[in-house]
Structures are given as C-alpha cells and as structure tokens.
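There are 2 protein chains.
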Amino acid sequence: MAVYTDVPAEELNAFIAGYDVGRVLSYKGIAEGVENSNYLLHTERGYFILTLYEKRVAAADLPFFLGLMEHLAARGITCPQPVKARSGEILGTLCGRPAALVTFLEGMWMRRIDAKHCAAVGEALAKLHLAGEGFTLRRANALSVRGWRPLFDSCADRVDGVHHGLQDTIRHELDALEASWPSGLPSGVIHADLFPDNVFFLGDRLSGLIDFYFACNDMLAYDVVICLNAWCFEADFSYNVTKGRALLQNYAKVRPLTDAELDAMPLLARGAAMRFLLTRLVDWLNVPPGALVRPKSPQEYFRKLRFHQHAKSVHDYGIEARELA
Amino acid sequence: MAVYTDVPAEELNAFIAGYDVGRVLSYKGIAEGVENSNYLLHTERGYFILTLYEKRVAAADLPFFLGLMEHLAARGITCPQPVKARSGEILGTLCGRPAALVTFLEGMWMRRIDAKHCAAVGEALAKLHLAGEGFTLRRANALSVRGWRPLFDSCADRVDGVHHGLQDTIRHELDALEASWPSGLPSGVIHADLFPDNVFFLGDRLSGLIDFYFACNDMLAYDVVICLNAWCFEADFSYNVTKGRALLQNYAKVRPLTDAELDAMPLLARGAAMRFLLTRLVDWLNVPPGALVRPKSPQEYFRKLRFHQHAKSVHDYGIEARELA
Chain A
3 MAVYTDVPAE
13 ELNAFIAGYD
23 VGRVLSYKGI
33 AEGVENSNYL
43 LHTERGYFIL
53 TLYEKRVAAA
63 DLPFFLGLME
73 HLAARGITCP
83 QPVKARSGEI
93 LGTLCGRPAA
103 LVTFLEGMWM
113 RRIDAKHCAA
123 VGEALAKLHL
133 AGEGFTLRRA
143 NALSVRGWRP
153 LFDSCADRVD
163 GVHHGLQDTI
173 RHELDALEAS
183 WPSGLPSGVI
193 HADLFPDNVF
203 FLGDRLSGLI
213 DFYFACNDML
223 AYDVVICLNA
233 WCFEADFSYN
243 VTKGRALLQN
253 YAKVRPLTDA
263 ELDAMPLLAR
273 GAAMRFLLTR
283 LVDWLNVPPG
293 ALVRPKSPQE
303 YFRKLRFHQH
313 AKSVHDYGIE
323 ARELA
Chain B
3 MAVYTDVPAE
13 ELNAFIAGYD
23 VGRVLSYKGI
33 AEGVENSNYL
43 LHTERGYFIL
53 TLYEKRVAAA
63 DLPFFLGLME
73 HLAARGITCP
83 QPVKARSGEI
93 LGTLCGRPAA
103 LVTFLEGMWM
113 RRIDAKHCAA
123 VGEALAKLHL
133 AGEGFTLRRA
143 NALSVRGWRP
153 LFDSCADRVD
163 GVHHGLQDTI
173 RHELDALEAS
183 WPSGLPSGVI
193 HADLFPDNVF
203 FLGDRLSGLI
213 DFYFACNDML
223 AYDVVICLNA
233 WCFEADFSYN
243 VTKGRALLQN
253 YAKVRPLTDA
263 ELDAMPLLAR
273 GAAMRFLLTR
283 LVDWLNVPPG
293 ALVRPKSPQE
303 YFRKLRFHQH
313 AKSVHDYGIE
323 ARELA
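Quick note, the sequences are listed as chains A and B, same order.
All the letters of the first sequence, read from the start, carry residue numbers 3 to 327 under the working numbering.
All the letters of the second sequence, read from the start, carry residue numbers 3 to 327 under the working numbering.
Just chain A, with the same shape it has in the complex:
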C-alpha cells in the first residue's frame, strides 16, 4: 500500500495528451498494489487506472500482462482493459517508468469471505482458464517448483529465527516437492495471484478480476489450489470444508478436472503453500529501513502447508473426486 512515484500534474497532462480520453480533471494515488504505483484518474471521458511499473516488475513482461488483459477482455472476462494511445501503443513512459492506462472496474473486494464468494471465484477462475486459450505470448512461472530452492537458499540461515525448526521443515518439503512435482497436467494461462483483494464484487455478484502481474503459463490446477489457499481458510488457519466445496464444485462445473489433476491436488496445494510461504519469508526477512510497506507474516502459509501435508486426496478437501470430474 504505497505510491512509489509521485507524478507531477504537468507531466501527467503531457502523457495523457497522447490518448483520446480528454483532459485530466483529477488523479489520486491509490493505496493498492505493493509492486507498482497506481493512480485513479478522472478525465473528460471517464475513470481510469494509471499504473507506473516500478522496478520489481520486469519491463520485458509488460507486453504479456497487458496483452493478456486485452485478450481476456475480448473474450468476455471482466478485467481492466488497456487503453491504446493515439500511437496505437498500450505501453508508454511517464516519469521515467513504463506506464499504462487501463479502464476502471467498479466493485469492492471482500474482507469477509463466505461460501458464495468462493463459489463465484471458482466459476470465474475456470472461465479465466478457458478464455486464456489462444493467447499466443508465453511467460514461464518463475515462482514454480524450480524457483523455490533459490528463494529458500537466499534466506535459509535466518528462517529459524521466524519459527523454530522451519528451516528443516522447508528443506524436507522442498526435497519432496522437487522429487514428485507433477508434469503433463492441463496447462495454460494462470492468474497465479487470485487473492480476495484481486476479485471485485457488487453485492453478491462477482464484478471483475484485477492485477494480472503474476500471470504466467503453468498447470491450471495449480491456480485452483492457489485460490483454495487464499479463499478457503479461516483467520485461525483452519480449512473451511464448505468454502472449499463451493470453490471446487463451481470451478469444475465450468471446467471439469481430470483424474490426474485430482490425484495431484494435495501435492499441488503443498507447492502453492510453499510458494507463498517462501516469498513471504523473503519479504519478512528483508524489510528495508524506512519501508513504506509492512510485509505479511509467513506464519499463515506455514500452517496451510502443514494442513496439506496431511491431505491424501480431494476427499480431505471435503469433496469426492466424482463431483469434480
């Protein structure tokens, strides 16, 4: 929650003059997104989000992210749609940073998740996976199994300070994940970060998906378990069977899961927990002095990992395989 780059009105006006959106009437830095600077912009033609990409986002990946949003929006997914400049480009430069203008999406993200929300996000995720078909750009998932060991190595000697015994737990788990990580499962474009703050609702209706800056090509079922972790646990880290059922069932209604995907689910869920455990550990152990952002505790994903280590099949997620196939 921060704005890293302060955009002077004078530079903004010059930048926006390159678009067919009229004159700028107001803009406010918004306290969302920990990777980029975001402004809510009002022009004579409506409301937009202006994003300046800070250094944590690789400029080379931006055509993938922005192109994907265009692709998905054209296939009926409600997500921010990049606005083309008069030049035809969707990526420009503002205050020395890559910058893009996208349409504004109404809706609010839910802080108190119930099973209705989980059902809606399951359905939306499956639709997203289907809509991603035919998108031709590719981006590898840097935060999948091969990316975890280097993350761990960068902070291994300090993780026991966060939680006693954590270093050994992670090391053994990484050994297991690397030895048995599945391949050959149905793959495509995944969101990879579909947490509650990236899903908007208007009343009970899901009104849109945002923040495609972790999207990549990977196994679709991996995206499902990222959501299971993000949406179906309570504040005390207990798994909520009702929410899990709602999410998985409604996903499978749109895109049935294969037997191989169902078999792999507990393992994939352990991997998804490991991915967020590791990035949160790294952030937790590397808070720069004067940081504007407080990192999230790694504890949560350690507890989720523990849960999945005890799961043997989708039955342990409160549902039978036949309901999802």
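FYI, nobody ran anything at the bench for these hints, they're computed from the structure.
Check each hint, because a few of them may be wrong.
Repeated chains share a single entry, so a pair holds when one copy, or any two copies, can fit it.
[What the hints assert, rightly or not] Straight-line Cα separation of at most 20 Å, DMTMM-like style, residue types lysine to aspartate or glutamate; simulated pairs:
1. Lys-118 <-> Glu-13
2. Lys-314 <-> Glu-125
3. Lys-86 <-> Asp-261
4. Lys-314 <-> Glu-37
5. Lys-57 <-> Glu-135
6. Lys-255 <-> Glu-135
7. Lys-298 <-> Asp-238
8. Lys-57 <-> Asp-265
9. Lys-57 <-> Asp-238
10. Lys-118 <-> Glu-12
11. Lys-86 <-> Glu-46
12. Lys-298 <-> Asp-8
13. Lys-57 <-> Asp-318
14. Lys-86 <-> Asp-177
15. Lys-314 <-> Glu-180
16. Lys-57 <-> Glu-37
17. Lys-255 <-> Glu-322
18. Lys-314 <-> Glu-325
19. Lys-298 <-> Asp-318
20. Lys-314 <-> Asp-8
21. Lys-86 <-> Asp-285
Quick caveat, the model's predicted, so the values are computed rather than measured.
With chain A's structure known, arrange chain B on it following the hints.
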C-alpha cells in the same frame, strides 16, 4: 501517504446506507493525508471522499472543521462540502473511528509552482478570510507562539544532531518571538496549512481548497506568511521575489493589509517558519519503527527562518507597503 484503517466492504455498505447517496459501487484508499485515512468513494449518486479520523485529530475539533467547510462552501468557497446523513448528522462512526463523507473536488495540485499559481492562491486565501467571517465556532491555534516552546522542549536535546548549532539558534529565536509576537492584528478563521498539495487547479484556474484540519482562529496575516513560505521559495530555498509579489498583491486586492500587519510581516514570517521547523523536527526525531510515512526534512524551514531573520520590511519580500494597503 497512507491508509491507516482498512474498511471492509460490508461495514462500508452499512455506513453508507445511512446516507442518501445510493449504493456503493467502488472505493479506493487514497495515498493522501498523513493524519487520516481517506477513501475515494463511488456511489450511484457520484463521487465522494470518505475520511476516517485517526487519533492525531482530536474528535472534539471535528465539528469545527466540518462546520467550517459547510460555512465556507455556503459562501462561495470551492471546498469539500460535508454530506449530511439521513439523521441530519455530518459526523458518524465507521470501524470505531469518527468518519465523515464530503463532496469530491476536481483538480490537481501543482508540483511546479509558477507566479500564476501564487497569484491565484493569494486571491483565494483573501477570499477564504472574508468568507470565514460570521463562523461562530472557535478553535485556538495550538501551533502558534505559545505552542512552540513545548514542542522545542520535547526534542531540544536531540536537535543538534540534525544540524550543528540548531539548538541555540532555535532557543534565541524563540526568546525573540515570544518577546515581540504581535497581538491585536485583524483576526479570523485561518486555514493554517495552505500548502500546494491543498490547492487544486484545473489548467491555470484554481479549482478548490482542501484539508481544513489545521484551521483555527488566529491573525489573518499569519496565514499569509504561511503561504509565502509554502509557495514562494525555490527548491534551493531561495526566495522568489516574483512569486512573493504575485501572492501578496493578489491577496491585498481582495483584502488590503493594514499598516500594523505590514509592519509585523517579517516577524510573522519568522514565526510561521518556526512553526513548521519545529513540527518537522519533532516528526523527524520521532519516526516510529515500521512507520508508513517518511517525515519531511526540517532543513527547509531552517533555511526559510534564516531568510526572514534578515528581512526588515515587506520591501525585502519584493514589494512596497503602499502596494498592499
């Protein structure tokens, strides 16, 4: 630049149901205001700013601030206008904090100030002073001469670490200010914090004033020199005569300054510099661990104080007394 209180959609909907503004369509925490949490809110009836007052703002002062905005808006000043709940109240409670809804003001604040902006702010400040007449609530200025010594005492033993010799400079200056601080000058409601980020422009036209949370009763000319300090110095701390002339002349066109005010101006300007020097010092020396806000350097106001200590009359601000009376 922060949002201190995260408002769940569910609680926001319940709060907004008490107003006649329709259903909430979206809300974004905005990275403005270091004292409060601010959201830009879109409802079926339009755009609003929702403010949650954090503990640095005394709840007892809120009727003064909100009442003043109402009073000024009714007298033609473009400023946020409090929206009444159906109960008739303009102050409610949200997430355990006092909260108010105000109208959204279009415009952008200028990062690069030129003399046109200074002329506009001078005129707007004088109009604000005239429009404040007849406002019946009163609020003492806690950051005027009697408030400075306690601020200094709270950090005196550490200020030399910021700048060598600063402790003696401030002590002698406080002695001088306390001995000769004027009284009996024309008084009324002052904004007391009319910095560039609180003044909106659309093109070259000043489109509104915001952030009345330091407003109080004090000498009007003290407000003028706060603006002189905030608007008429360059980034290298040099005083810009052209900007100063523009601000003072355009103020005086709307409200001519009295001889006593003109005589007191260098002294008032020293006091205004002292006020911001001290609060910045206190903030600078008291950054809490994990702070979300980086304090501004006190250096700037030390340099401005030095400038005013050498000024003998308004002539030193680039203008003659007869042009302002």
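- Intra- versus inter-subunit Cα pairing at 20 Å for Lys-298 with Asp-8: So Lys-298 and Asp-8 pass the 20 Å test across copies only (15 Å; inside, 25 Å).
- Query: For the identical chains here, do Lys-57 and Asp-265 meet the 20 Å Cα criterion within one copy, between copies, both, or neither?
  - Reply: Close neither inside one copy (39 Å) nor across copies (53 Å); limit 20 Å.
- Query: Which holds for Lys-314 with Glu-325 at a C-alpha limit of 20 Å: within a copy, between copies, both or neither?
  - Reply: within (17 Å within a copy, 86 Å between copies)
- Item | Same-copy or cross-copy closeness of Lys-314 to Glu-180 [CA-CA at most 20 Å] | Within one copy only: 18 Å inside a chain, 77 Å across chains, cut-off 20 Å.
- Checking Lys-86 and Asp-177: alpha-carbon separation at most 20 Å within a copy, between copies, both or neither? neither (46 Å within a copy, 61 Å between copies)
- Taking 20 Å as the upper bound on the Cα-Cα distance, should Lys-255 and Glu-322 be classified as within, between, both, or neither? Result: close within a single copy only, 14 Å intra versus 80 Å inter.
- Could you figure out if Lys-314 and Glu-125 sit no more than 20 Å apart (CA to CA) within one copy, between two copies, both or neither? neither (25 Å within a copy, 74 Å between copies)
- Should Lys-314 paired with Asp-8 be assigned to within, between, both, or neither, using CA atoms and 20 Å as the limit? Answer is neither; intra-copy 50 Å and inter-copy 38 Å both fail.
- Query: Given a CA cutoff of 20 Å, do Lys-86 and Glu-46 count as a within-copy pair, a between-copy pair, both, or neither?
  - Reply: Within. Shortest intra-copy distance 16 Å satisfies the 20 Å Cα cut-off; inter-copy 28 Å does not.
- Query: From the Cα coordinates, with 20 Å as the cut-off, is the pair Lys-255 and Glu-135 best called within, between, both, or neither?
  - Reply: Close inside one copy (18 Å), not across copies (67 Å); limit 20 Å.
- Item | Intra- versus inter-subunit Cα pairing at 20 Å for Lys-86 with Asp-261 | neither (43 Å within a copy, 58 Å between copies)
- When no copy is specified for Lys-314 and Glu-37, does a C-alpha distance of 20 Å or less occur within a copy, between copies, both, or neither? neither (36 Å within a copy, 51 Å between copies)
Hints 2, 3, 4, 5, 8, 9, 13, 14, 19, 20 and 21, counting from the list given before, are not met by this structure.
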